[in-house]
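Position chain B against the provided structure of chain A, taking the given hints into account.
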Amino acid sequence: DPKIIQKPKYLVAVTGSEKILICEQYLGHNAMYWYRQSAKKPLEFMFSYSYQKLMDNQTASSRFQPQSSKKNHLDLQITALKPDDSATYFCASSQDNSGNTLYFGEGSRLIVV
Amino acid sequence: GDSVTQKEGLVTLTEGLPVMLNCTYQTIYSNAFLFWYVHYLNESPRLLLKSSTDNKRTEHQGFHATLHKSSSSFHLQKSSAQLSDSALYYCALRDMDSNYQLIWGSGTKLIIKP
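Chains A and B are the protein sequences, given in the same order. With our numbering applied, the first sequence covers 5 to 117. With our numbering applied, the second sequence covers 48 to 161.
If you're looking for bench data, these hints aren't it; they were derived computationally from the structure. No residue lacks a Cβ here, since even glycine has one placed at the ideal position from N, Cα and C. Treat the hints with caution; some may be incorrect.
[Said to hold, decoys possible] Far from chain B, by Cβ distances over 10 angstroms, these chain A residues were calculated: (1) P12; (2) G20; (3) S21; (4) E22; (5) I24; (6) E28; (7) S42; (8) M59; (9) S73; (10) K75; (11) S102; (12) T105; (13) L106; (14) I115; (15) V116; (16) V117.
[As the list claims (entries may be wrong)] In silico lysine-lysine, DSSO-like type, Cα no more than 27 angstroms apart, as pairs: (17) B:K103 with A:K44; (18) A:K44 with A:K75; (19) B:K97 with A:K45; (20) A:K23 with A:K74; (21) B:K103 with A:K45.
With the rest of the complex left out, here is chain A (with noise of 0.2 angstroms):
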């Protein structure tokens, strides 16, 4: 059973809406992730939470907010969709922030048309 869940899998959006990806883990971790990789390009870091805190974000545009409800929770939504936001989104989670391994969840393709 995946341990980080990842919902949905895959989303086709149009441009100017706004989707929220979820993510949740159950491996008791205390840090989440968020990382990116668009069509031919390396993963990209996008944010880290821990305790539901945002420690770093590496993303320049304002569109693209995080969202943490409970711990093991931590949401992307991104507003003003773009036909450059097409890309799977990784959510990752460690113990915690100080840089342990992280398990990443299996991902959300979005395509934005």
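Okay, now just chain B, sitting in the frame of chain A:
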């Protein structure tokens, strides 16, 4: 700031040949912690190897790497490539500067041909 360099963006090898993926890093801290993550197509990235001990070989799933602090390197090696090794490989450094976050290399795509 800290950085990780993976010079090769793409490595193509014939099955059975040895694999070596380069990773070098820069950090002002002496206690660098280096990682290799592997990302197979249609799967999640996952940890392959990690090390913080200088000059000690670490092995997993047929791959090995040795952290050399004198040369700031953590190259990934395998004696004989298999078709199933085709994947994206990321080298990462634990950053002691900013909340202990991982600093990622740009990744090396390894393609193994029959």
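Checked hints:
no.	hint	verdict
1	P12	16 angstroms, holds
2	G20	29 angstroms, holds
3	S21	26 angstroms, holds
4	E22	26 angstroms, holds
5	I24	20 angstroms, holds
6	E28	15 angstroms, holds
7	S42	12 angstroms, holds
8	M59	5 angstroms, violated
9	S73	22 angstroms, holds
10	K75	17 angstroms, holds
11	S102	4 angstroms, violated
12	T105	5 angstroms, violated
13	L106	7 angstroms, violated
14	I115	16 angstroms, holds
15	V116	21 angstroms, holds
16	V117	22 angstroms, holds
17	B:K103 with A:K44	34 angstroms, violated
18	A:K44 with A:K75	33 angstroms, violated
19	B:K97 with A:K45	23 angstroms, holds
20	A:K23 with A:K74	19 angstroms, holds
21	B:K103 with A:K45	32 angstroms, violated
Hint compliance for this structure: hints 8, 11, 12, 13, 17, 18, 21 are broken, all remaining hints hold.
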